[in-house]
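Trainee: Please model the entire structure based on the sequences and the hints provided.
Going down the list, the sequences are from chains W and Y.
Mind the numbering: the first sequence is residues 5 to 303 in the working numbering, read in order.
Mind the numbering: the second sequence is residues 5 to 303 in the working numbering, read in order.
There could be a bad hint or two in this list.
Copies of the same chain look alike in the list, so a pair counts if it fits in one copy or across any two.
Keeping only pairs whose Cα atoms sit at most 30 Å apart, straight-line, the calculated DSS-like set for lysine-lysine is [as the list claims (entries may be wrong)]:
id: 1; residue 1: K185; residue 2: K19
id: 2; residue 1: K216; residue 2: K22
id: 3; residue 1: K26; residue 2: K109
id: 4; residue 1: K107; residue 2: K291
id: 5; residue 1: K200; residue 2: K155
id: 6; residue 1: K137; residue 2: K19
id: 7; residue 1: K260; residue 2: K80
id: 8; residue 1: K185; residue 2: K291
id: 9; residue 1: K80; residue 2: K141
id: 10; residue 1: K261; residue 2: K19
Rather than coming from a laboratory, the hints here were simulated on the basis of the structure.
Number of protein chains: 2
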Amino acid sequence: MSLLVVGSIALDTVKTPKGELKEGLGGSATYFTIAASKFTNVSIVGVVGEDFPREYIELLRDCGANLDGLKVISGKTFRWHGVYEDEFGDPKTLLTELNVFEKFKPELPNHYKDLPFVFLANIHPALQLEVAKQMRKPKLIAADTIECWIKNEPDALREVISSVDMFFLNEAELRMITGEKSPLLGAEKLLSLGPKWIMLKRGVFGSMLIGKNGMFMLPAYPTTNVVDPTGAGDSFAGGMMGFIARVGDISFDTMKKAVAYGTIMGSFCVEGFSINRLVEVNQEMIKERLTELANMTRL
Amino acid sequence: MSLLVVGSIALDTVKTPKGELKEGLGGSATYFTIAASKFTNVSIVGVVGEDFPREYIELLRDCGANLDGLKVISGKTFRWHGVYEDEFGDPKTLLTELNVFEKFKPELPNHYKDLPFVFLANIHPALQLEVAKQMRKPKLIAADTIECWIKNEPDALREVISSVDMFFLNEAELRMITGEKSPLLGAEKLLSLGPKWIMLKRGVFGSMLIGKNGMFMLPAYPTTNVVDPTGAGDSFAGGMMGFIARVGDISFDTMKKAVAYGTIMGSFCVEGFSINRLVEVNQEMIKERLTELANMTRL
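Mentor: Written out as structure tokens, the structure reads:
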């Protein structure tokens, strides 16, 4: 129990060219937790409504998650409906019902505050900051964001970036925040605000980890069976942070391996709707895909 | 003298956010030759008009190119004018004047026909085929194409793909030809037509070499100084084919190293207008960038 995640837990209705799933388990904290659970146990801070299916609670518990920080409150669970016209592209949102998530204020059980590794998924930056400040002896705090906060809460987001050790974002977001078209120049601007690492997500093209004293690039694992890309970024973060938390250090070598495990968890995530493929993944499958990825990228 | 290129030689007028250059040396055969010249000597088949500056002829000769197959004929040289609103994006073509290139029929000097390594740059597929058929003992024939031939000459292009050992294209072109959104499934369709290798170019994201029995992915070298992306793909092909021709074999190991050299030559190309940066590149610079790229991608 060394990894904390704060984020959304949702019921997703998703349609892609490969099919459709109604009210599947979704949300950033969910994908993160299930991916990370292959490496370590995760403590969750989140909120769901009274309609949240008991089986989903059990599923998270079966993944070894600590749910002391998961509140079940009066009202309906956060719902999202999305359609992907192209399973390799971006979704069109048909409906976002924040419901109980609208007034979500993360409250950390006291024993969560000593956890060394923290992932602040894409909630309001002011809430991310509140959580970060409560941590007593963090070894690595990472945060993610979405376009909405970049546009509407640039100052609070800037403070988040300054307060965390690692910041996750994609290239469009990096351009939006920094105005730089070169990923390296953009990342340098963000690094100058304080974080040790910028984790640049490039979707099907892979990722770049950029630090003050080094960088690492890894292509995505080229799965041919993309069913539903929802949650790939959070699964990437989960695999990455899960591995870091298991190893317990933040050396460059650990970070590079963590990127590889993140890549692999992202590749599994997209092979099914909701968390259906992720939950099937075992250590043997992870090991096999890691070997493949290493072979495909070894110069 | 083991590498042959057939392609365009042009005078390019290019504007990007970083500046502008009028009537610079351009064309696929040009970029290819200068990039490949860092590894081997290249024999060119191409055509220019009487207005083609003598200094450009000298520049190609200084790169060790054999110009026995370069025709200077009555008329004007091929001209292209393009504008990049974003130096990381695609250009808008303002003008294409084919001039002497319009009736280009590649004629191979007899001694060219024994060359073992051949690159058919993006000319009409019927002409690519004509050249391929004249080669007497090729070890590796590679071809490239552009959208225009995919749309207007699909049958001839299919025959080219079936006739060559390695086919270069980008992801949009792969989707257009195969209808597949997954690069691996698309590449498999093309491999089933006959070639040993599909060389998938992904621009700033790098490249994938896909063969029947193995694949290799390499991110692009992340240069921060992108001035003009024109010619990056042909410089990539030049670095790759130049290295293969120097080594003289087509083992998977050679192919992977060749992708790395191609990547490096592509990265140098974009750092200047026309071939201005490419011509400055020396062995020391290539070696240094190769070491950097290896370090940045080593898991």
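Trainee: All the hints need checking, so say for each whether the structure fits it.
Mentor: Hint by hint, here is what the structure shows:
no.	hint	result
1	K185 / K19	between (32 Å within a copy, 17 Å between copies)
2	K216 / K22	between (41 Å within a copy, 27 Å between copies)
3	K26 / K109	within (27 Å within a copy, 60 Å between copies)
4	K107 / K291	neither (41 Å within a copy, 56 Å between copies)
5	K200 / K155	within (24 Å within a copy, 48 Å between copies)
6	K137 / K19	neither (39 Å within a copy, 49 Å between copies)
7	K260 / K80	neither (40 Å within a copy, 54 Å between copies)
8	K185 / K291	between (36 Å within a copy, 27 Å between copies)
9	K80 / K141	neither (35 Å within a copy, 72 Å between copies)
10	K261 / K19	neither (33 Å within a copy, 42 Å between copies)
Comparing the model with each earlier hint shows violations of hints 4, 6, 7, 9 and 10; every other hint is respected.
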